[in-house]
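S.K.: Please build the complex by placing chain B on the supplied structure of chain A, with the hints as guidance.
There are 2 protein chains.
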Amino acid sequence: MTKERLYLYDTTLRDGQQTQGVQFSVAEKLRIAEALDGLGIDYVEGGWPGANPTDSAFFDAAPDLRARLTAFGMTKRAGRSAENDDVLAAVMNAGTGAVCLVGKSDSYHVAAALGISEEENLENIRASVAHLVASGREALFDAEHFFDGYKRTPSYALACCRAALEAGARWIVLCDTNGGTLPDEIARITGEVIAAGIPGNRLGIHCHNDTEMAVAGSLAAVGAGARQIQGTLNGLGERCGNASLTSLIPTLLLKAPWCERFDIGVTREALEGLTQVSRMLDDILNRVPMKQLPYVGASAFAHKAGLHASAILKDPSTYEHVEPSAVGNARIVPMSNQAGQSNLRRRLAEAGIEVEKGDPALARILDGIKAREDKGYSYDTAQASFELLAREELGQMPDFFEVKRYKVTVERRKNKRNEMVSVSEAVVVVKVDGEKKLSVSESFDAQGCDRGPVNALWQALAKDLGRYSAQLADMHLVDFKVRITQGGTEAVTRVIIDSADGKGRRWSTVGVSANIVDASFEALLDAIRWKLVRDRLRAEAPELESAG
Amino acid sequence: MTKERLYLYDTTLRDGQQTQGVQFSVAEKLRIAEALDGLGIDYVEGGWPGANPTDSAFFDAAPDLRARLTAFGMTKRAGRSAENDDVLAAVMNAGTGAVCLVGKSDSYHVAAALGISEEENLENIRASVAHLVASGREALFDAEHFFDGYKRTPSYALACCRAALEAGARWIVLCDTNGGTLPDEIARITGEVIAAGIPGNRLGIHCHNDTEMAVAGSLAAVGAGARQIQGTLNGLGERCGNASLTSLIPTLLLKAPWCERFDIGVTREALEGLTQVSRMLDDILNRVPMKQLPYVGASAFAHKAGLHASAILKDPSTYEHVEPSAVGNARIVPMSNQAGQSNLRRRLAEAGIEVEKGDPALARILDGIKAREDKGYSYDTAQASFELLAREELGQMPDFFEVKRYKVTVERRKNKRNEMVSVSEAVVVVKVDGEKKLSVSESFDAQGCDRGPVNALWQALAKDLGRYSAQLADMHLVDFKVRITQGGTEAVTRVIIDSADGKGRRWSTVGVSANIVDASFEALLDAIRWKLVRDRLRAEAPELESAG
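Line order of the protein sequences matches chains A and B. Numbering follows the numbering used here, in which position 467 of the first sequence is assigned residue number 472; successive positions increment by one, without gaps. Numbering follows the numbering used here, in which position 380 of the second sequence is assigned residue number 385; successive positions increment by one, without gaps.
Derived by calculation from the structure, the hints in this document are not laboratory data. Just so you know, these numbers come straight off a predicted model, no measurement behind them. Any given hint might turn out to be false.
When chains are identical, the list treats them as one kind, so a pair holds in a single copy or across two.
[As the list claims (entries may be wrong)] Distance condition first, Cα-Cα at most 27 Å in a straight line; then the derived BS3-like pairs of lysine-lysine:
| id | residue 1 | residue 2 |
| --- | --- | --- |
| 1 | Lys319 | Lys362 |
| 2 | Lys409 | Lys419 |
| 3 | Lys486 | Lys412 |
| 4 | Lys421 | Lys296 |
| 5 | Lys260 | Lys296 |
| 6 | Lys442 | Lys409 |
| 7 | Lys442 | Lys421 |
| 8 | Lys468 | Lys486 |
| 9 | Lys436 | Lys468 |
| 10 | Lys486 | Lys409 |
| 11 | Lys419 | Lys442 |
| 12 | Lys375 | Lys486 |
| 13 | Lys436 | Lys409 |
| 14 | Lys486 | Lys380 |
| 15 | Lys468 | Lys412 |
| 16 | Lys156 | Lys319 |
| 17 | Lys508 | Lys375 |
| 18 | Lys419 | Lys436 |
| 19 | Lys508 | Lys441 |
| 20 | Lys412 | Lys442 |
| 21 | Lys441 | Lys421 |
| 22 | Lys319 | Lys260 |
| 23 | Lys508 | Lys8 |
| 24 | Lys486 | Lys296 |
| 25 | Lys468 | Lys156 |
| 26 | Lys260 | Lys508 |
| 27 | Lys296 | Lys508 |
| 28 | Lys380 | Lys508 |
Same shape as in the complex, but just chain A:
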């Protein structure tokens, strides 16, 4: 049986940005677009050029993608031509190969929200799509509120789709804008739309998760004949989110009947990077990744029940519907030391540390990690701190220097010009090669801006570490993330610091304390120690170098 092609359209950068609290920077949009492209998504919607400076700047930065980069906008307004609509012009000016325009398809909205006649709205759709096509763009029409509109006035909803189709739209996307249409109804209406003459291979589906059925609704539409799915990574999006591509992609690739009927742009190989892409997005958003996320969550293959755990050891398929590695995820069996140790050895090998199977140090490292995770540490991203902990258990960690004490002060007061200004100052006392060294530093950057206590501590520490000082010259802090989490029964602060150096390395370390400055300092120290130990190893055996 020949498989049909099913297209995936990602709107993380546009509808995903409608999530409360989400605001991507241009650099973040570029990282996400590249990750989507790496997965093999067909269309990457980048935003609405002209609607805000970030979206415009993103299209100016024009990433080079295999995927079709798509600009989003709306159909022209009434009373002017498509050529003379400045909002539409801004969208066209982004110069993307594909453009997706949202327009009304519900007669009630045409009257209540736009206040124009039904014919005017049809003309807006027709003229806008024709304008895109005339300038050589692939045109997509997002039929807003399509299902509500169809239930109200089927003939008008269909007329809107036909207007776009006849004007040359490649895709008509049926949008369940409110998220209230249930899968059975989506299937029925999609079937009726196709029966009314709109070809299924020109139809897309855009679902929201307001009844927790966006994934099911999307598949229902495909079952009825639609051939494009719109969604977002991790189900980001307005209100309860959009259909989650992170859940849909594995189902489409791994599960019958979908994997037997359809080809998608994502390969089985790319699928193995899915968990990483999902976590990267949370990292950008500074969110704790949701453990329960289907396929990619940290708990998705965690087997807590004792009965399950023992069966899993005999045959994983007893309690797993797919193989965790297929989506780049891992099985967690809390009861099983065996599974823990093989995982650990793999991770150590990634850090360039070879430990024999059955080495008793493995159990000590696992215990050490567990004890620290109970206190609020997390080694998911802080691979460099994990490596230091393992090296210590293995007796492979040199004592570079010892911090005897530190003190940091932040003062805010008026300056001579009667402006409120801050001054941070840190004093650090270390012992290096038997010698005690006191360093003090303020925290001003080149612009005279005070960068706060953590930066002051970093400056003071780096100022004089004896024979190690020269090594720290090419090192700098690139990111700083803070989360309140649980440490035992107390709320504690977890700080993750990302560092980079002139050798192109980038590494992450973690610190935990009820005191945010302590937690930061601990992560700072780990960052420096990792740099020193890796520089030493590199000097000894350059070929063993690997990422941190």
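M.R.: Just chain B now, with coordinates in the frame of chain A:
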């Protein structure tokens, strides 16, 4: 058309407890059981008596419920009678009116996991259920791995169900234990089970969310004829969780065709308490409630897009599939750089501030917000800071006090017992009612743990604010979030502080600076000023009080 009765079975206290990191105390189980009962759930599964001390103690405490309190266990083991199986005896001894026993229905599991013959397994089911019925209990049989078993050997999976049915089970529950069966397949197989002679009104469905379709799968089974749904609050449960009753209940009560075809035990009135029950569970688990949860999440009725927000003002049904108050939730139209004036007026009205359409202050407030968003502020969640900014533009903000300067110190050094310890200390100088006040505070909590510089600043500030001090006595900080973001061309720190007071209010404020202590202090000051202005308004006109 007469409605059919559809039954809801909650397993939050049993399968929900299989969630990674979840372990309820007896008192917590009692609170949750009572909340479920208040909603009108038909069956409340309390746990597995005998499997652990907490579950046994919960049944000993025997809450008095309208719902059927149900004990969970497994069918008797081979080689002994039901009467002589101590595991089963412990379940019976809980003395509940209903008992649910899980048993194998997949021939592969019978051989691989139990290592007994298929006939022995059938006899275990038969004898166990008969034993329950003989002692006057309502018997439920959880057919584990039913769908996988049915696909493997339909006749055997059906034989297991028949064995339970003929022994007198009230319900046969078809369990998709792995969570891998898709809704269409669930519907087909459920239909075939009914066609094979097991009546639909004796069939239940138990779905897991491993493909994000547990809700859709549950409804698919009901559509095919099943008449009991098993699920959990907030979709708690092993791996990706169980079917969420929090999502299912509103759909069953509010949305066609379900509300037209079925009666459930939950009334429309009880439904208005659903959001509160969902939040209570998160509170017990000490989790931040998931904003995106369908129906009950804080973002479920939040409208960020400017286009949406203006339509919402005209007619909420344009972008809402149900009325938020029906589930005890509330509409939110947050501020963001996508918002227009209509969005702004709506948001102001919610804060009790009425501004006429076209008032030039609206443009000033929008400009102020935009300017601050460019510096890295975010008002999506920090509604209280938004309100203060608006009140200032409108000349409605009293000058309660002025901070002249502050200084905070964190010192880490060895104590007398040679342990590294931290001490934070803050000095704050304020002017209140013309009087200068100096306050100093450390940051130790009741356990002697240093809580860091932000807490020290809060303690020092709250210590003496003249006539305002008494008002701050019932206020405390409940959460603290930090992220690095872009402020102009610089990386800056954005701090969000959540505060609460004894009047049951909870509010969020924001601060931004390159210095994390400054940013925190700014958010702290906003938190206090919001409290003071709201307390004053409440004293003047209590009926105007609204959420922050």
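S.K.: Now look at each hint and say whether the structure bears it out.
M.R.: Outcome of the hint check:
Taking identical chains as interchangeable, the C-alpha atoms of Lys319 and Lys362 lie at most 27 Å apart only when both belong to the same chain, with a minimum of 14 Å there against 68 Å between chains. Taking the shortest alpha-carbon separations for Lys409 and Lys419, only the inter-copy value of 8 Å comes in at or below 27 Å, while the best intra-copy value is 33 Å. In this assembly of identical chains, the alpha carbons of Lys486 and Lys412 lie at most 27 Å apart whether taken from the same copy (22 Å) or from different copies (24 Å). Taking the closest pair of Cα atoms, Lys421 and Lys296 never come within 27 Å of each other, the shortest separation being 47 Å inside a single copy and 43 Å across copies.
Taking the shortest alpha-carbon separations for Lys260 and Lys296, only the intra-copy value of 22 Å comes in at or below 27 Å, while the best inter-copy value is 30 Å. For the identical chains of this complex, Lys442 and Lys409 are intra-copy neighbours only, at 10 Å inside a copy versus 36 Å across copies, given an alpha-carbon limit of 27 Å. In this assembly of identical chains, the alpha carbons of Lys442 and Lys421 lie at most 27 Å apart only when taken from different copies (22 Å versus 34 Å within one copy). When the C-alpha separation of Lys468 and Lys486 is checked against a cutoff of 27 Å, the pair qualifies only within one copy, where the shortest distance is 24 Å, while the shortest distance between copies is 31 Å.
Taking CA atoms no more than 27 Å apart as the test, Lys436 paired with Lys468 passes inside one copy only; the shortest distance there is 13 Å, against 39 Å between copies. For a Cα distance limit of 27 Å, the shortest separation of Lys486 from Lys409 inside one copy, 26 Å, qualifies, whereas the shortest one across copies, 30 Å, does not. For the identical chains of this complex, Lys419 and Lys442 are inter-copy neighbours only, at 17 Å across copies versus 33 Å inside a copy, given an alpha-carbon limit of 27 Å. Taking identical chains as interchangeable, the C-alpha atoms of Lys375 and Lys486 lie at most 27 Å apart whether they share a chain (22 Å) or sit on different chains (25 Å).
In the homo-oligomer, the alpha carbons of Lys436 and Lys409 lie at most 27 Å apart inside one protomer (7 Å), although the nearest pairing across protomers, at 39 Å, exceeds that limit. Taking the shortest alpha-carbon separations for Lys486 and Lys380, both the intra-copy value of 18 Å and the inter-copy value of 19 Å come in at or below 27 Å. Proximity of Lys468 and Lys412 under a CA criterion of 27 Å is satisfied in both settings, with 15 Å inside one chain copy and 24 Å between copies. For a Cα distance limit of 27 Å, the shortest separation of Lys156 from Lys319 across copies, 21 Å, qualifies, whereas the shortest one inside one copy, 52 Å, does not.
With identical chains, the CA atoms of Lys508 and Lys375 are never at most 27 Å apart, being 32 Å at best within one copy and 40 Å at best between copies. Proximity of Lys419 to Lys436 under the C-alpha cut-off of 27 Å is restricted to the inter-copy arrangement: shortest distance 14 Å between copies versus 37 Å within a copy. When the C-alpha separation of Lys508 and Lys441 is checked against a cutoff of 27 Å, the pair qualifies neither within a copy, at 30 Å, nor between copies, at 54 Å. Taking the shortest alpha-carbon separations for Lys412 and Lys442, both the intra-copy value of 14 Å and the inter-copy value of 26 Å come in at or below 27 Å.
Only between protomers do Lys441 and Lys421 lie at most 27 Å apart by alpha-carbon distance; the minimum there is 20 Å, versus 37 Å within a single protomer. Within a single copy, Lys319 and Lys260 get their C-alpha atoms as close as 23 Å, which meets the 27 Å cut-off; across copies the closest is 44 Å, which misses it. Proximity of Lys508 to Lys8 under the C-alpha cut-off of 27 Å is found in neither arrangement, the shortest distances being 43 Å within a copy and 62 Å between copies. Both within a single protomer and between protomers do Lys486 and Lys296 lie at most 27 Å apart by alpha-carbon distance, with minima of 15 Å and 20 Å respectively.
In this homomeric assembly, Lys468 and Lys156 never come within 27 Å of each other (Cα to Cα): the closest approach is 69 Å inside a single copy and 62 Å across copies. For the identical chains of this complex, Lys260 and Lys508 are neighbours neither inside a copy (36 Å) nor across copies (52 Å), given an alpha-carbon limit of 27 Å. Taking identical chains as interchangeable, the C-alpha atoms of Lys296 and Lys508 lie at most 27 Å apart only when both belong to the same chain, with a minimum of 23 Å there against 34 Å between chains. In this assembly of identical chains, Lys380 and Lys508 lie within 27 Å of each other by CA distance neither inside one copy nor across copies; the values are 33 Å within and 33 Å between.
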